[in-house]
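Novice: Sequence:
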Amino acid sequence: MALVAVSNKRVILKRYLTACEIGQLGDEMEVVTAEAVPLSVPAGSSAMLMKNLYISCDLYLRNRMIRHEVPTYISDFVPGEVVTSHGVMKVISSGHLDFKAGDLVSGMTGWEEYTLINNPESLFKINYPEFPLSNYTGVLGMHGLTAYVGFFEMSKPKKGEYVFVSSACGAIGQIIGQLAKIKGCYVVNLLKTKFGFDDAFNYKKEPDLEAALKRLAATHLRCFPEGMDIDFENVGGAMLDTVLPNMRLGGRITMCGMISQYHLERPEGVRNLMYIITKQLRMEGFVIFDSITVYRQFEEEMAGY
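Residue numbers (the UniProt record's numbering): 1 to 305.
Read the hints as simulated data drawn from the structure, not as lab findings. Keep in mind it's a predicted model, so treat the numbers as computed, not measured. What you were told as hints is all true, and nothing was included just to trick you.
Below are the DSS-like pairs computed for lysine-lysine, each with C-alpha atoms no more than 30 Å apart in a straight line:
#  : residue 1 : residue 2
1  : Lys279    : Lys159
2  : Lys9      : Lys100
3  : Lys156    : Lys279
4  : Lys279    : Lys181
5  : Lys159    : Lys181
6  : Lys90     : Lys14
7  : Lys100    : Lys90
8  : Lys183    : Lys159
9  : Lys158    : Lys181
10 : Lys183    : Lys156
Work out the full structure, taking the sequences as your base and the hints as a guide.
Specialist: Listed below in structure tokens is the structure:
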């Protein structure tokens, strides 16, 4: 009997971006209809055919749309090929012993209606299908795992410590702020409103970031009176340069992203690096793809919140 097949709409990269391209684009990606996809995997194969339900659109994807002469932590997209990111999927057909048709899973997939995944070992079954499935592209997905690992394993917070979250309105920063409050920390974020944190300021409207931090310290008795214990850094550039002299002795700076630099042809320099020595700071970056093994522990703990 002939295999049933369906058409497959997909989003492909048409061209690479230059580092400094910003604003309204539109010609860098294209929606195409690919050749018909069989709705079953070949006999004897361990592959899986997935129906994509939710796709996560993330800032780091912009960096994958730039051609890098020096390889980075993740491969560049290729013009003419489908864009990929984290998503939620339903198994349509499976040749893998650990998955069956109808299972809901999360992991890396394509921006298309159907994706054939040849190595499903990196996928995770969804243990809490009673939650909105879209949570698995956010708080229970890669964003949440990044926040969890970056805060608990990298920053190692203690109750009562002072935590500064740059770009707290982002997918990761907003989770960091909530985890810090759960941990009993005092949290200041880069937002124009507090949103339940202890304080906030909008760095885009501050002509002098150094003065803004000092003003917070002067006008709020508990706000960084002796500096910050933890900086969860998502902005970089001038923001990081301002943070360094305001860190507490032995403070920790966890480097997660540098969104202020992504569109710059020539990234900004950081001048206050001497404070890493004099304040005995620990500055460390991380890539979440190296921490997938803690996903089940993360999912269980986050679901409890």
